[in-house]
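My request is simple: use the sequences and hints to build the entire structure.
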Amino acid sequence: MNFLQTFKTEWQLISHDAWLKVLLFVMPIILGFIIWGLFHVGIARDLPIGVVDHDNSSISRALIRSYDASPTLQVNHHYIDEQSGSKALREGSIYALVILPDGLAKNTILGKVPKITAFYNSQYILIGKLVNSSLLSAHGTYVAQLETLKYLTISNERVEQAIGQALPISSQITPLFNSNTHYGQFLVTAVIPAMWQIIIMVTTVLVWSKGLRDASENTWLSSISYRHQLIKLLPYALIFWLQGIVYLSVFYGALNWPMHGSWLVLVAAQLFLVLACMSVTTLIFFITLDATRAMSLVAGFSAPAFAFMGVTFPTTDMPILAQIWRALLPISHYINLQIKQVNYDSPIQSTVTDFISLLLFLSLLYVAKLIFLKRKKRLGSINKDGPAMQRGDNS
Amino acid sequence: MTWKQLLIREFNAVFSNIPLLVTVFGGVIIYSFLYPLPYTNQIPKAQSIAVINLDGSQLSRAIERMANNTPQINITKKVFTIDQAKTLLTSGKITGFLMIPKHFYRDLLLEKSPPLIFAGDASYFLVYGTVIEGLVRSTSTLAAQVKVSRMVMKGENVALASSQYTAIELNLKPTFNASLGYLNYIVPAVFVLILHQTLLIASGLLTSGQFENHRKADLISSHNDSYWLVNSVGRILFVRSLLLSLIYLVLFMFYFGYSFQSYGINRLASISDLMTLVIPFLLSVVFLGTVIGLLIPRKELVTVVVLLSSLPLVFSAGFIWPTSNIPTILNVIAQLSPSTPAISGFLRLNQMGDTIDNLIQLRVQLWSLVLLYGMTSYVLMQKKQREHSAVY
Chain A
1 MNFLQTFKTE WQLISHDAWL KVLLFVMPII LGFIIWGLFH VGIARDLPIG
51 VVDHDNSSIS RALIRSYDAS PTLQVNHHYI DEQSGSKALR EGSIYALVIL
101 PDGLAKNTIL GKVPKITAFY NSQYILIGKL VNSSLLSAHG TYVAQLETLK
151 YLTISNERVE QAIGQALPIS SQITPLFNSN THYGQFLVTA VIPAMWQIII
201 MVTTVLVWSK GLRDASENTW LSSISYRHQL IKLLPYALIF WLQGIVYLSV
251 FYGALNWPMH GSWLVLVAAQ LFLVLACMSV TTLIFFITLD ATRAMSLVAG
301 FSAPAFAFMG VTFPTTDMPI LAQIWRALLP ISHYINLQIK QVNYDSPIQS
351 TVTDFISLLL FLSLLYVAKL IFLKRKKRLG SINKDGPAMQ RGDNS
Chain B
1 MTWKQLLIRE FNAVFSNIPL LVTVFGGVII YSFLYPLPYT NQIPKAQSIA
51 VINLDGSQLS RAIERMANNT PQINITKKVF TIDQAKTLLT SGKITGFLMI
101 PKHFYRDLLL EKSPPLIFAG DASYFLVYGT VIEGLVRSTS TLAAQVKVSR
151 MVMKGENVAL ASSQYTAIEL NLKPTFNASL GYLNYIVPAV FVLILHQTLL
201 IASGLLTSGQ FENHRKADLI SSHNDSYWLV NSVGRILFVR SLLLSLIYLV
251 LFMFYFGYSF QSYGINRLAS ISDLMTLVIP FLLSVVFLGT VIGLLIPRKE
301 LVTVVVLLSS LPLVFSAGFI WPTSNIPTIL NVIAQLSPST PAISGFLRLN
351 QMGDTIDNLI QLRVQLWSLV LLYGMTSYVL MQKKQREHSA VY
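Residue numbers (our numbering), protein chains in the order written: chain A, 1 to 395; chain B, 1 to 392.
Rather than coming from a laboratory, the hints here were simulated on the basis of the structure.
Incorrect hints may appear among the rest.
Between beta-carbon pairs, the in silico distance windows are [as the list claims (entries may be wrong)]:
hint	chain 1	residue 1	chain 2	residue 2	range
1	A	145	B	103	25 to 33 Å
2	B	71	A	234	50 to 58 Å
3	A	353	B	253	40 to 48 Å
4	B	333	A	65	35 to 43 Å
5	B	253	A	141	44 to 52 Å
6	B	12	A	2	45 to 53 Å
Heads up, the beta-carbon is just placed ideally off N, CA and C, and yes, glycines get one too.
Here it is in structure tokens:
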């Protein structure tokens, strides 16, 4: 059968199957929009924090104003005591509670170094860290101003020197490859591939199980040839590949996120990922030979993949067992490659191991074939033996 | 059929449904080990960085030592240009670098506030944050020392000077997760979602297996008598929600008791407070699962729908990305999933020590979802029952 012919017949099948159509063409777009929508702001703004101002002086008010001036923070709750403030912190309506002690202004002027305490919610680590660093920098800026002013008044130094007194060392902090630490660029580019893997695997199960739907397991098994079935998967591989190319074009074309590497390498890696995912799914399908059970296994396999990708929590700090499980997931090899290409513009030699890893998954197609042949052979012997057997449940 | 008979039938239906059992017991138990696995080290430590020291003074070497002494940083390379450092970084040998510019020591003596340059790989935010935290921490110690020594040189008392290097001190205290451990952050929330998703699948599989437009109807009805067609919908829903909720109550206790304890996660809530929240949570999920099961033509699609919703639900639950920064429309949709109020409720109750009386809004929300999905599944199931009875 030639390829064009196969594509035509499969296309006809797709157009008659609403669920396949949705999974192939609609779902990726909807899911993409949702994830992008969640993080499209990129940089968290105006996180609510609360203050308890026991001092109520010009200095305490100026400090509160400087916290509020930080783009990340918004002081929108003033509490009269710690108790009501901590209640708000516990219920999550504020992410930090800053307590300005009595005598703040007096002690500052006397040089007694008053101490402000800020409790920030570190249960939400990502938000907590943002609040922490924004409070620190807002506080640092205000104190440096205050000290510069002090040095200016007590001595006859120039402004520049007074700043040098207040801040003996300055620091320049550079986030490489994501210059404004944009969360969209960071998370969306990893979450979408994780969902893409899910879509590929889930859809492949549905495609495989289509044959089982209309015929019993035995008739289906005896009627098909493995090679022929694989050829029938090719049109789907192309559609999955297209999904990948579309999301890359949206990130690094339409949204204009920086892309330093080679499109050719990246797009080639996507094809390898598609084939790797489809191979894993094919194996799972032939082990179970049942749509529902295959789907359960695929779900168990692909759902936690994001945690293992090493984007949010670094791979190098995972225990060895987690690293082994990570290596069994096609998407982790692909994401290595995507980050290397997009961010680092690594030479192609450094991506060879990722390509080989993805390629290794294709060997599962051979394992699936062995299982297929074994089942078919057993089926043949059963048929020869005579009595019509009930559905053989081997899984 | 008596209540007892019905319960036995339902029990048999659940415990003979292999994919359901695999999802419920296999899934929940395997995930309780698998999901926390990447995070067992809690915080990234000892990130390899390079130093570009163009100053060469004794002080600049002291800076290197101070940075190396922080738990976050491990200086593994010394290079001479930024380009060299970048090459190391892109080949994965280091995750950041520190540059001490030329004449740093001289400028410090001249009180010119010379800069130190910190760079980290922001492809990985946690890595980046760790590197910068280590560098900032070590240099702020240095800055304080410089200030103290200057004050002493000007004739101030050492004890006084060392307490006066800043005008106002800010003491930041991480609260609820004092160690900033990643496992403590992810697991309490994701475990709620795992219970949510597997229960949705279980309840969906059970219902769709019975009501899907099946060809193998004869096979199933022969050994099960189609009890779901002869009993009233109210009775079936009652027994189903009771049985599945009881099974999940056990799994819930396994997660919130044994698992949390073995991972050292906060367990601040009392059992009775947890129960007030878990009951509407489980009921609403069973009913939502039933609704999905009734709306879907084939049972394998239940898993598809639930699986695809997982990542969007995690990221819109509000513990990763602040709700105030999520578009309203997505936030409203997320509130329709029992996972959203449940995650927030359990985190507040068990991790942050909020009181149950303060959770009234979330409880009302969960009970409203029970009502909404309970009624929807009632109406849909009645319709399906009529269609199926017409066939037989």
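Going through the hints against the structure:
| no. | hint | in the structure |
| --- | --- | --- |
| 1 | A/145 x B/103: 25 to 33 Å | holds (27 Å) |
| 2 | B/71 x A/234: 50 to 58 Å | holds (52 Å) |
| 3 | A/353 x B/253: 40 to 48 Å | holds (44 Å) |
| 4 | B/333 x A/65: 35 to 43 Å | holds (37 Å) |
| 5 | B/253 x A/141: 44 to 52 Å | holds (49 Å) |
| 6 | B/12 x A/2: 45 to 53 Å | holds (51 Å) |
When each numbered hint is compared with the structure, no violation occurs for any of them.
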